[in-house]
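Protein chains in written order, with our numbering: chain A, 6 to 346; chain B, 933 to 1330; chain C, 6 to 290.
In case anyone wonders, no lab produced these hints; they're calculated from the structure. Incorrect hints may appear among the rest.
Unchecked claim - Rough simulated footprint, nothing fancy, chain B against chain A, three-plus residues with beta-carbon under 8 Å:
| hint | region |
| --- | --- |
| 1 | 103 to 115 |
| 2 | 150 to 163 |
| 3 | 279 to 285 |
| 4 | 330 to 340 |
What the hints assert, rightly or not - Derived pair list, reagent style BS3-like, types lysine-lysine, alpha-carbon separation capped at 30 Å:
| hint | chain 1 | residue 1 | chain 2 | residue 2 |
| --- | --- | --- | --- | --- |
| 5 | C | K122 | C | K109 |
| 6 | B | K1079 | A | K78 |
| 7 | C | K220 | C | K122 |
| 8 | C | K109 | C | K261 |
| 9 | A | K104 | A | K225 |
| 10 | C | K122 | C | K261 |
| 11 | C | K122 | A | K78 |
| 12 | A | K78 | A | K222 |
| 13 | C | K122 | B | K1079 |
| 14 | C | K224 | B | K1079 |
| 15 | C | K224 | C | K109 |
| 16 | C | K122 | C | K224 |
Stated by the list, open to error - A few chain B residues that face chain C, going by a derived Cβ cut-off under 8 Å, partial list only:
| hint | residue |
| --- | --- |
| 17 | R1108 |
| 18 | R1149 |
| 19 | P1177 |
| 20 | R1180 |
| 21 | E1188 |
| 22 | A1190 |
| 23 | S1191 |
| 24 | V1199 |
| 25 | L1277 |
| 26 | R1279 |
| 27 | T1281 |
| 28 | L1282 |
Ideal Cβ placement from N, Cα and C applies to all residues, glycine included.
What follows is the residue order along each chain.
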Amino acid sequence: MRLRPGERFQRVIGSPIAMYVVLGLVLVALVIAAQVKGLSGNLLFSLFVRGVLLGGTLALGAVGVTLVFAVLKMANFAHGDLMTLGAYLGLIVVALLPKGAPLAPFSFGYEFLVAFLLVVPLVGLVAFGLDRVAFRPLRARRAQPIMFAMAALGLAFGIRSLVYIFWGADFTFYYSGRARPAVELFAGVRVRPDQLFILGLAVVLIVGVYLLLERTKIGKAMRATADNPDLARVSGIDTGRVILWTWLIGGGLAAAGGMLYGLDVQLRPEMGWWLLLPLFASVILGTIGNAYGAMAGAFVIGIVWQMSSAFINPAYGHGIAFLVMVLVLLVRPEGLFGKRR
Amino acid sequence: MTPVVLAKSVLLGVPLWLFVSSLLTFKPAWLKHLVSIAAGVAVALAMVTLIPTGILSYMTTFILMASIYGVLSLGLNVQWGYTGLFNIGIAAFFAIGAFTSALVTTVKPTGFNASFTQQAFGLGLPFWVGLLAAGLMAGVLAWLIGKPTLRLRDDYLAIATIGIAELVRLVFQNERWLANGPQPLRGIPQPASCLAGNGCSWLPGFVNDFFAPLTPRDYPFVYVAIVALVLYVVYRVLERAIRSPWGRVLRAVREEEASAAMNGKDVAAFRMQSFVVGAVIMGIGGALYAHYVVAIDYGHFDPLYGTFLIWVMLMLGGSGNNRGAILGAFVVWGIWSGTSFVVDLLRPTLAAISPDLPSRGPYIRFFLISLLMLFIVLYRPMGILREEKVVSLDRDLA
Amino acid sequence: MSDTNPVPGSLPRSTGTRSEAESPAAPPLLSIQGLVKDFGGLRAVNHCSFDVARGSITGLIGPNGAGKTTLFSLVSGFYRPDEGRVFLDGEDVTGLPSHLIFRKGLSRTFQIPREHKSMTVMENLMLVPKGQLGERFWNPVFRPGAVRAQERQLREKAREVLDFVELSHMADQPAGAMSGGQKKLLELARTLMADPKIVLLDEPGAGVNPTLMGKIREKIEQLNRERGITFLLIEHDMPLVMGLCDPVVVMNQGSKLVSGPPAVVRTDPRVLEAYLGGQYGALEG
Ligand SMILES: Nc1ncnc2c1ncn2[C@@H]1O[C@H](COP(=O)(O)OP(=O)(O)OP(=O)(O)O)[C@@H](O)[C@H]1O
Ligand SMILES: [Mg+2]
């Protein structure tokens, strides 16, 4: 078929291949920039590994964002602050339990694991409770999408002010003052054992989500609801249960992501707000509503974020995530796995 | 009636005049303004004579800050209220406006001072140039961010604006050469401060004589008049633009985009215009803020102060209604300042609960504001003043 | 009616004259060539091609789900076709955004009305005309007088259109408050505000009372005769289509089945088959 030049350009630019090419070019550009700056391949490779580690944590948050998008058709701007909430609730549990010795080679003791097991379901329930209070009434009156976003924003700032009230504005750690030495993994790549634990746990959780979505009845119901809510309802799917599970999973994973991020980096009241940008960048990159896409997106964002820190002030890390997102929006707004309209 | 009372009353009379005149609707306009000037100055006189000095200057700065927020809220109203554009990055345009005006109006320090305050440039131009430049830069930023996102669904714009706000803040936090990095950019000139000082060379002698009793401490009286004038001009310009085919198209786009497009309206272009116009106004608001606080740094443009508070103002006052936007700014600023009193009163109680708590007072206030936001969204989504039904100019034609 | 008080420089007079309309050599005003549109797995429009002659009132019929509305959406830029081309007045307009197609003189109504709900009926109409001064936002600020004068003309014109569709009493009501039939009339009224070359009407008669429909039909004929406006209309009311339209295009399962003069189409066995195969048996009705 005959195409006008503009149309042909648009088709090429909008194809998934183009997207991979762009991402590839970003990587190549990073490597070339490293050559120019005379950075060692070794450094780059360790940054790459660190990016993968970070991607694991981001993936936990991004899955929740994209599930809520898919099932409830709303952008949950409170998701980052659910991560903060999880991290700080974990801090309470860790502080309350009697201190045990670190589980060598890790820096944390059994308290952290107990906290994790308690907080993850708890935040899932909190997320569901917040849905009851804030979002369900809006759904009931068929409010505009923007009202949902405003409510989410209200929750986000509400959660954050509570964190400020109880813990103050300073950063903190689960185990203040405990040394966290890095070990050499291979070929001069140094990571902390904690980070390997974090990645391992993140992968376990991601596999868990995969099994849940693919193998269980509720997972199938969630996917059906995401595809076509009306059809799902008339074919006898219990929407209420789907919503409950969406929040349990989304909130739980957010808490997990928050605690792991807190363990890896530090806890700050703003951490969730700052993570919101990389989370949404991952979700958009991996196509809104696509859980596996969000995970893939999270790893890409994590890697680009970390590797960029070799060249520019690391303070701009989440700014980089934002730039990647803008690039995606320009080239292929429906993301890697989306269908063109 | 001492000269100082008279001078203060005239200045404080300006916001009151403009307030009264925007409530009156009769014609001719000159008569309306005559009446409202008289009323404004009279009320101001009564206030200045009857109210103790401390409370009076508190009230003045209250009106001043609320009016600045009124400008920001009007900017958001163009974007959200009339067009349904979801900008959660007001702080970006607020900050760009503030820093631009600061750089345009200050003089770049030299010699010894240069090691304390670094800035990319300092043009030393007048205040009004600063205002225009602030609006211009905010508009350019809006255009840049709107280009890739406005044609997409609403959520994308929302997240992109969050992103741009963070990025702007990061830049002003980390780039020392640009606007003194994490340190405050100081010495932003206060317009017409000579009026509350040694007299202004550009004013005729009798005016200077009239205001001569004012001391630099009375400067908020001068600035409140300036801010009120800017707010009024912005309000009038917006009212005209909104009650016109332009406003009609914005509303049509918001309500049924497909239909507007099918009837020949370039939806993307109108969204862009609205986004840019709103951002320009926010930039002007930022400039007004910078010239009031004199020293600014990135911390002033936190998402809580720079974005969220303004959303609460507009939602509470009534989106889609310019008076509502201003009313909301005053009410929410009132709540915000009022809770500060309450938290101060509760200081001993808070200290008894935990020694850390009193210093975290602002966060308690923010928690309350968040609850207010949820309350509005859930129970009063229309705000205090509802959107007006008809936006076309037909009241003049009836 | 739109001859009164045209907005200066914005409302073009009719371009098609009778002689031009009847000239056999004139290229088709609208040419649809091999359009395809898929919704997921479903092909709603399948290699559909036909022309609409300048100055004609062409009918488009077909059983429910034949793809008629989708075809309108492709032609009017609401959807992008997956394949195929659309030519308007000899110009390739495939995939152009709706507002540009509108500016080239094509106006379309929606089968399910899409009115601006909280705006008044009057405002819904005043929105439509092209080239409004006040749509550039500095004009109302700096030239309020000129804008107001133009608004007065638009209002006048909208009043006449409202009179014609018998909705004058609703002028100041929010459009969302109207009945279904009234909303369909508003859709029609909007096209009357646009001064187009060609109008695509999607079931203008559904939900409108027969007396009024008779008047609408007269008006369509009058606009066609006196101002050379071309019509392409979808309608399930067969007597109306057969009386008003020539030629008639029949669509089935996304493609053109037959086209020709009403007398020929109504007796074509394939058409009867298509309708009887579907839930419709009302071709003769
Ligand atoms: N947006 C859409 N998404 C998915 N399927 C669609 C969409 N719009 C139309 N369809 C499907 O495409 C087919 C053609 O629909 P269309 O509305 O064009 O038919 P029609 O000829 O106008 O029918 P009717 O006479 O009932 O109005 C139908 O099967 C319809 O279900
Ligand atoms: Mg149809």
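Okay, the hints, checked on the actual structure:
1. 103 to 115: violated (count 0)
2. 150 to 163: It holds: at least three residues are needed, and the region 150 to 163 of chain A offers 11 whose Cβ sits within less than 8 Å of chain B.
3. 279 to 285: holds (count 4)
4. 330 to 340: That given contact holds, which follows from 5 residues of the region 330 to 340 of chain A lying within Cβ reach (below 8 Å) of chain B.
5. C/K122 with C/K109: 27 Å, holds
6. B/K1079 with A/K78: Cα-Cα ~24 Å, so holds.
7. C/K220 with C/K122: Given pair C/K220, C/K122 holds - Cα atoms ~26 Å apart, limit 30 Å.
8. C/K109 with C/K261: 25 Å, holds
9. A/K104 with A/K225: Violated, at about 42 Å.
10. C/K122 with C/K261: 35 Å, violated
11. C/K122 with A/K78: Roughly 23 Å between the alpha carbons, so the hint for C/K122 and A/K78 holds.
12. A/K78 with A/K222: This hinted pair holds, its Cα atoms lying about 21 Å apart.
13. C/K122 with B/K1079: 28 Å, holds
14. C/K224 with B/K1079: 43 Å, violated
15. C/K224 with C/K109: Satisfied, since the Cα-Cα distance of roughly 23 Å is no more than 30 Å.
16. C/K122 with C/K224: Holds. C/K122 to C/K224 sits at ~26 Å (cutoff 30 Å).
17. R1108: 39 Å, violated
18. R1149: Given a least distance of 38 Å, the restraint on B/R1149 is violated.
19. P1177: 4 Å, holds
20. R1180: OK, holds: B/R1180 within 8 Å of chain C, min 6 Å.
21. E1188: Because about 5 Å separates B/E1188 from the closest Cβ in chain C, which is inside the 8 Å limit, the hint holds.
22. A1190: 6 Å, holds
23. S1191: Since chain C brings a Cβ to about 4 Å from B/S1191, closer than 8 Å, the hint holds.
24. V1199: 7 Å, holds
25. L1277: At about 44 Å, which exceeds the 8 Å cut-off, the nearest Cβ of chain C leaves the hint on B/L1277 violated.
26. R1279: 48 Å, violated
27. T1281: Hint violated; B/T1281 Cβ to chain C Cβ min 48 Å, cut 8 Å.
28. L1282: 46 Å, violated
Hint violations for this structure: numbers 1, 9, 10, 14, 17, 18, 25, 26, 27, 28, all remaining hints satisfied.
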